[in-house]
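S.K.: Going down the list, the sequences are from chains A and B. If you read the first sequence in my numbering, its first letter stands for residue 120, the second for the next number, and so on. If you read the second sequence in my numbering, its first letter stands for residue 4, the second for the next number, and so on.
Quick caveat, the hints were computed from the structure, so don't treat them as lab data. Worth double-checking, as some hints may not be accurate.
Said to hold, decoys possible - Restricting the straight-line Cα-Cα distance to at most 20 Å, the calculated cross-link-like pairs of lysine to aspartate or glutamate (EDC-like) are:
(1) 239/B to 226/A
(2) 239/B to 250/A
(3) 182/B to 215/B
(4) 239/B to 261/B
(5) 28/B to 325/B
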Amino acid sequence: MLLLLEQILNGLQFGFMLFLLAAGLTLVFGIMHLLNLAHGSLYMIGAYTAATVTAATGHFSLGVLAALLVTALAGMLLEAGVFRRLYQREHLDQVLATFAVIFTVNELTRILWGRAPLYLDIPPALAGTIEIIPGAPYPVYRLLIIAVGALVALGLYVLINHTRLGMLIRAGASNREMVGALGANIKLLYTLVFGLGALLAGLAGALAGPILAIEVGMGENILILTFVVVVIGGIGSVRGALLGALLVGLTDTLGRAFLPGLFALVLPPAPATAAGSSLASITIYLLMVLILVFRPQGLFPVQGQHGA
Amino acid sequence: MKQIVLSAMLLAISLSVMAVAEPVKIGLITTLSGPGSHLGEDVRDAFRLAIERGEGTLGGIPVELVVEDDGLRPQTGVQIAERMRERDGIGIMTGIIFSNVAMAVVPRLVRGGAFYISANAAPSQLAGSGCHPNYFNAAYQNDNLHEAMGQYVTDVGHRNAYILAPNYPAGHDALAGFKRFYQGDIVAEVYTQLNQNDYAAELAAIRAANPESVFFFKPGGMGINFVRQYAQAGLKDRIPLYGPGFSFDERLLAAVGDAALGVINSAQWNWDLDVPGNAEFVAAFREAYGRTPTLYAAQGYDAAQLIGSGLAAVNGDISRADALRTALLAADFPSVRGEFRFGNNQHPIQHIYARQVVRAENGGLTNQIVGQIFSDHVDAYAAECSM
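Using the sequences plus the hints, can you model the full thing?
M.R.: Below is the structure:
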């Protein structure tokens, strides 16, 4: 029972991490109709920036701040320099171009930082564990990720549903020509939205830094899961991204944690391990298939004025 | 007109220079891009160092090193190998890091008459029934370091172990290797997804199972993630962690940080190994590249020296395949591992050491040899090789 609670906490933490990435990706896809494979590169830039600035200044908070600034800037530069030319093109062209961005950013990273992975530690104040569930010490830092994820979700909800910018974003997702015709500066809006998405990816990268290896290619690794989240949640929907991310996080974690054990109840140990770990690695894709069978547009499809 | 004459003269000069000392070309196919590329970098740099220390020669024979990046893609490796073989006429190759690339490249290459000297990848197939007279492994057999940890954890007296590896062929081989020499009970044998980042679920399960020891094999970034999260979860001080040297090379340690401090791991070489020539190699590598060589660097350096000993025996004429083969098998070179010899399957018979992660003088982390686990260890597949 204790273990189940702890694993649910793990699933939530993984889910919120995915949400930070998926929110930006789904906004960009929903509003600009841009299939951005290079979203993971922004995540990587965030992690590398956070590690470098933290190492130079000794303050993790400064590292995170720098990561936010740098990724937002990098995102807006990429939008203005590359992606803006892709909005009217087919998805295949977008895939090719953004794929090229992945290679370019990876190679630039290798040139700037070298081949060996970087080091970023949890700040001392957040290191250690806390018994939030009695008997199961849980890392404080992972709780922080859950808190930040929840705050970002709340912030995005307010931004999208209760501000003028959010109104434009929702309108842009429904009918971008009309928004342009009504006199809104759609170019600026796109750049801002892209910057926001990049900033969230950078935040995810900076927060992941102390837990995960900071290395070239780290973005591609997590990008596939992020796409699963976006598809499950409904393309363009931030609410869907949140629910999808938590679903994926929980399914993946609980599957990994308990499937081999469940198989062991009915199978001998060796086949149970094999079957359990094989099935655990595909649970999220099964989840995606199931959801798409019943909700082909995802959980919260964006349609008409029913925005984010 | 002047330019044409000039370039013709230059061409003539360069041709005559080539005629004087036609260097033996060596093809180095390795992984230099993407995750895990620092392994390839260390093999390449150490190989170059060996050539530089020989002033452009290996074993006194002038050589030319051709380096290509396989990007960890087997099909790219195959293309590079064919190009080197067909277009450049290269007859001797080395450098592949990853076993999946090696399995695609090596069998075809050696069947076609070329020589391949491995500086890292050592899949069981090539050590057992797929062994070949033209294939030599200067590093180890993949299972060796896992087998050593199995022996070590037994020797320490842990009555049970919780073992983990990624769910792919090398992961299964790793745990099989550990179990081959571990005498205690296996609490659980867990296979995680390849390239999994987050191990929170597995760590919670380990805490709940409360084993006496944990053995893991997680190459590259996976190992960084696992070791750090293991410490962050507060497990490091409660359950001792053991792993092969792959997750504890000096460059990974810089990324893992203090989470790795004190961990025992296994390797066939370390920078502080007290054998003739090793200190000189380590000093030369540090001076050339400004970092401590990893075990991969040592393997690259030994592969270069082994090739040098072969070239010296045939005076640079690699078309004398039989003589070259005999010379390589004799392994008559000053290995930085000390005594070095090949078994019947042309894989090393060598000592394997226990190393501990300690703080270096410069404040960083490094390994220090704390004991010897195996002496003259023969790999588990030698009997299946019919040579």
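S.K.: If a hint holds in the structure, say so; if it does not, say that too.
M.R.: These are the hints, each one checked on the structure:
1. Restraint check: the Cα-Cα separation between residue 239/B and residue 226/A comes to about 35 Å, which exceeds 20 Å; the hinted pair is violated.
2. For the proposed pair residue 239/B and residue 250/A, the alpha carbon gap of about 17 Å is at most 20 Å, so the pair holds.
3. Of the pairs offered as hints, the one joining residue 182/B and residue 215/B holds, with about 16 Å between alpha carbons and a cut-off of 20 Å not exceeded.
4. About 11 Å separates the Cα atoms of residue 239/B and residue 261/B, which keeps this hinted pair within 20 Å; it holds.
5. Distance check on the hinted pair: residue 28/B and residue 325/B sit about 19 Å apart at the alpha-carbon level, within 20 Å; holds.
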